Amino acid sequence: MTKPILIVGGGPAGLAAAHSLAAIGQKSILVEKEDILGGAPILSGYAKLVPTGEWAKDAIGGMVERVKNNKLITVKTGTKVQSFTGEPGNFKAELSDGKPVEAASAILCTGFTHFDSVNKPEWGFGTYDDVVTTTQVEQMISSGQGVRCPSDGRTPKRVAILLCVGSRDRQIGREWCSKICCTVSANLAMEIREELPDCHVYIYYMDIRTYGLYETGYYWRSQEEFKVKYIKARIAEVTSDGEKVIVKGEDTLVKRPITIPFDMVVHAIGMDPNVDNLLLSELFNVDLEPHGFIGKGNTYGDLGATSRPGVYVAGSATGPETIDDSIAQAHGAAMSAYAFANDSSIVAAE
Amino acid sequence: MPIHEEHLIRPENIKTKDNLVIDGIDVSGHWSTFIESRVVTDYNEEMEEEIAALPGGEFIHRCWQCGSCTNSCTVNAINPEFNPRYWIYLIRMGMESELLRDKDIIWQCVSCNKCTYACPRDVFPEGVMKATSHWLELKGHTEKSPSMHFDEVFAEQIIETGKIEEGRTIRNFFKRTGQSLTQDWMIQMVKNLISNLPVKLLISMGLANVLRPKTRNWAAAGAAISEYAEEKQEEQREALGLTELVEMAKQETESLESKANS
Numbered sequence: 001m002t003k004p005i006l007i008v009g010g011g012p013a014g015l016a017a018a019h020s021l022a023a024i025g026q027k028s029i030l031v032e033k034e035d036i037l038g039g040a041p042i043l044s045g046y047a048k049l050v051p052t053g054e055w056a057k058d059a060i061g062g063m064v065e066r067v068k069n070n071k072l073i074t075v076k077t078g079t080k081v082q083s084f085t086g087e088p089g090n091f092k093a094e095l096s097d098g099k100p101v102e103a104a105s106a107i108l109c110t111g112f113t114h115f116d117s118v119n120k121p122e123w124g125f126g127t128y129d130d131v132v133t134t135t136q137v138e139q140m141i142s143s144g145q146g147v148r149c150p151s152d153g154r155t156p157k158r159v160a161i162l163l164c165v166g167s168r169d170r171q172i173g174r175e176w177c178s179k180i181c182c183t184v185s186a187n188l189a190m191e192i193r194e195e196l197p198d199c200h201v202y203i204y205y206m207d208i209r210t211y212g213l214y215e216t217g218y219y220w221r222s223q224e225e226f227k228v229k230y231i232k233a234r235i236a237e238v239t240s241d242g243e244k245v246i247v248k249g250e251d252t253l254v255k256r257p258i259t260i261p262f263d264m265v266v267h268a269i270g271m272d273p274n275v276d277n278l279l280l281s282e283l284f285n286v287d288l289e290p291h292g293f294i295g296k297g298n299t300y301g302d303l304g305a306t307s308r309p310g311v312y313v314a315g316s317a318t319g320p321e322t323i324d325d326s327i328a329q330a331h332g333a334a335m336s337a338y339a340f341a342n343d344s345s346i347v348a349a350e
Numbered sequence: 001m002p003i004h005e006e007h008l009i010r011p012e013n014i015k016t017k018d019n020l021v022i023d024g025i026d027v028s029g030h031w032s033t034f035i036e037s038r039v040v041t042d043y044n045e046e047m048e049e050e051i052a053a054l055p056g057g058e059f060i061h062r063c064w065q066c067g068s069c070t071n072s073c074t075v076n077a078i079n080p081e082f083n084p085r086y087w088i089y090l091i092r093m094g095m096e097s098e099l100l101r102d103k104d105i106i107w108q109c110v111s112c113n114k115c116t117y118a119c120p121r122d123v124f125p126e127g128v129m130k131a132t133s134h135w136l137e138l139k140g141h142t143e144k145s146p147s148m149h150f151d152e153v154f155a156e157q158i159i160e161t162g163k164i165e166e167g168r169t170i171r172n173f174f175k176r177t178g179q180s181l182t183q184d185w186m187i188q189m190v191k192n193l194i195s196n197l198p199v200k201l202l203i204s205m206g207l208a209n210v211l212r213p214k215t216r217n218w219a220a221a222g223a224a225i226s227e228y229a230e231e232k233q234e235e236q237r238e239a240l241g242l243t244e245l246v247e248m249a250k251q252e253t254e255s256l257e258s259k260a261n262s
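Note that the protein sequences, when read in sequence, are chains A and B.
The numbers in the numbering used here rise by one with no breaks, and the one at position 311 of the first sequence is 311.
The numbers in the numbering used here rise by one with no breaks, and the one at position 111 of the second sequence is 111.
Simulated from the structure, these hints should not be mistaken for laboratory data.
Among the clues, some could well be false.
[Unchecked claim] Covered stretches of chain A, going by a simulated chain B footprint (3 or more residues, C-beta under 8 Å):
| id | region |
| --- | --- |
| 1 | 230-237 |
| 2 | 244-255 |
| 3 | 280-292 |
[To be verified] If you anchor each label on the Cβ, the simulated ranges turn out as follows:
| id | chain 1 | residue 1 | chain 2 | residue 2 | range |
| --- | --- | --- | --- | --- | --- |
| 4 | A | K255 | B | A77 | 18 to 24 Å |
| 5 | B | Y117 | A | D276 | 35 to 41 Å |
| 6 | A | R154 | B | T33 | 54 to 60 Å |
| 7 | A | T52 | B | F154 | 36 to 42 Å |
| 8 | A | G53 | B | M148 | 45 to 51 Å |
| 9 | B | W64 | A | S151 | 32 to 38 Å |
| 10 | A | K255 | B | R121 | 21 to 27 Å |
[Claimed, not checked] Looking from chain B toward chain A, a few residues come up when the C-beta cut is under 10 Å (computed):
| id | residue |
| --- | --- |
| 11 | S37 |
| 12 | D42 |
| 13 | E45 |
| 14 | E49 |
| 15 | E98 |
| 16 | L100 |
All figures in this text were calculated on a predicted structure; none of them were measured in a lab.
No residue lacks a Cβ here, since even glycine has one placed at the ideal position from N, Cα and C.
Taking the hints into account, I'd like the entire structure generated from these sequences.
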């Protein structure tokens, strides 16, 4: 029996990697800095997930239970990796609980950080109570409270969702498309319309990127079945008249400035590199790619490889990623890490 | 005051005040002209549903503004102001005042349905144009169009008698739209009809059978055409390797003829 494989991060990717290794009889140690497993979908209280429509607590909750109950997986929550030394095949990590751990290889599933809308002050988040983020709306829905204006608890009659908040914006150093926000916003818009049929939902976009098969189920369905309205406009600023929040911008399809009152404005926030990525990069001696996510070492051969032999990466640690793709990447990285752990000499010789 | 590209500004948005003082500063007169911006300040959320409730407008909510309808539009090719894509957008977003600016153009749709076949989302723009015209009329924004009067006259007659009698339809239509029966175009049409009646044609066909008329001075032209045709046929025979066979056949015929003659 080889040494265990170290998995850092207990979100969808980490949970999938641990389960995948256990399925082929490989021991692993899953280290999670928070007190509970599940990652962003659980910690941020997501509602219904794309593409299945299952509640996050059920879908990801099932993955958590599967890992907790597996004897081949040692779960350490509320724990961080303090140091990571040694050679490929014979790594030594020290954890924040003071215990040393030996590992044959490691998989980083350290995820992302939600964009903080305060960094786009012109869009009113932090200034007006009724300007919220997609994550907050997810929480309103998943908690059972329902979609309400935070200022006075009233039911909104008109909601604006602003896309690309913290994405595709050179002004704030974020050139990437966060990939999921268009689909998530279309999904949220439908959930709002379902709960509040009298509430009109407008989505302000630069482009719509409900890529692949999401086109039918999200972009088209939100318009055809739920009458969600899409307006091509990059919003200039969000202000208030004291009662409502006012969205200002240019409707580019009719070449007119717009100043439209809304009850609630929702920022479709993007995915930033994990705020700890510089620390992680130093700790595990892996390179970051130019945007600040963990860099991939080999795209076509060794799945999930980083710049350091024996250390692998999966999920949104590598860049904006969906939950299902994170899980798929984790299975790929687990396979690579397993092969490395069991025959590191061969992999190293290649 | 000279205004750059003034034609792009709607006249009512150019404001000159004879007597206006703001914060103690006199801003009246020609040299203090204001230009009001065309800001959209609200959406009329009923509009899309109203249009969708009329026949033809049912699928307007599918539109994603690709412009296929406007690109394929017969009327747009002649009148660039006729833009179905733009109106569908105004309706969907509820920009009523903007739509009303074009109320006298929208009815120009000729129902060619090119847009219907071009639309990737099955919005049925031709139907939307109909529904929109209907909406404008029901709301009292436009008069009943002549074609609407015609449809009504037509339908009423069928409902009443179960038959169509064209003369009566036209008469009633003119009556209802306040048009006289002796219009210039109508007189011209009747004249044309008479001069082209098949009676004359039949007579000339009959005479032609007997007299076999010819175009004047035709002989030279006919010979030139025959010569040209023979030339071309010769070229074609050559191209197909038929020249020798033809030559042999010709000689055979000649020798037979000479034998017969001698």
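Problem - Annotated coverage of the region 230-237 of chain A by chain B, confirmed only when three residues or more have a Cβ within 8 Å - result: holds (count 3)
Problem - Interface hint outcome for B/E45 [beta carbon to chain A under 10 Å] - result: holds (5 Å)
Handout entry: Proposed interface contact between B/E98 and chain A, which counts if any beta carbon pair is under 10 Å
Key = Status holds, d = 7 Å.
Exercise for the section: Using the beta carbons of A/G53 and B/M148, state whether their distance is inside 45 to 51 Å or not. Expected result: At roughly 47 Å between Cβ atoms, B/M148 and A/G53 fall inside 45 to 51 Å, so the hint holds.
Handout entry: Cut-off 10 Å, beta-carbon criterion: hint that B/S37 touches chain A
Key = holds (6 Å)
Practice task
Note whether the CB distance of A/T52 and B/F154 lies within 36 to 42 Å or breaks it.
Solution key: At 55 Å between Cβs, range violated.
Exercise for the section: Go check the region 244-255 of chain A versus chain B for me, would you? Three or more residues, Cβ under 8 Å, otherwise it fails. Expected result: Holds, because 3 residues of the region 244-255 of chain A bring their Cβ atoms closer than 8 Å to Cβ atoms of chain B.
Practice task
May I ask you to test the hint 54 to 60 Å on the CB atoms belonging to A/R154 and B/T33?
Solution key: Hint violated: Cβ distance 43 Å, outside 54 to 60 Å.
Exercise for the section: For the range 32 to 38 Å, tell me whether the beta carbons of B/W64 and A/S151 fit it or not. Expected result: holds (33 Å)
Problem - A/K255 versus B/R121 beta-carbon gap, inside 21 to 27 Å or not - result: holds (23 Å)
Problem - Interface restraint verdict for B/E49 against chain A (beta-carbon cut-off 10 Å) - result: Given a least distance of 8 Å, the restraint on B/E49 holds.
Exercise for the section: Using Cβ atoms only, decide whether B/L100 comes closer than 10 Å to chain A, and label the hint accordingly. Expected result: With Cβ-Cβ at 14 Å, over 10 Å, it is violated.
This entry does not satisfy hints 3, 5, 6, 7, 16, going by the numbered hints stated previously.
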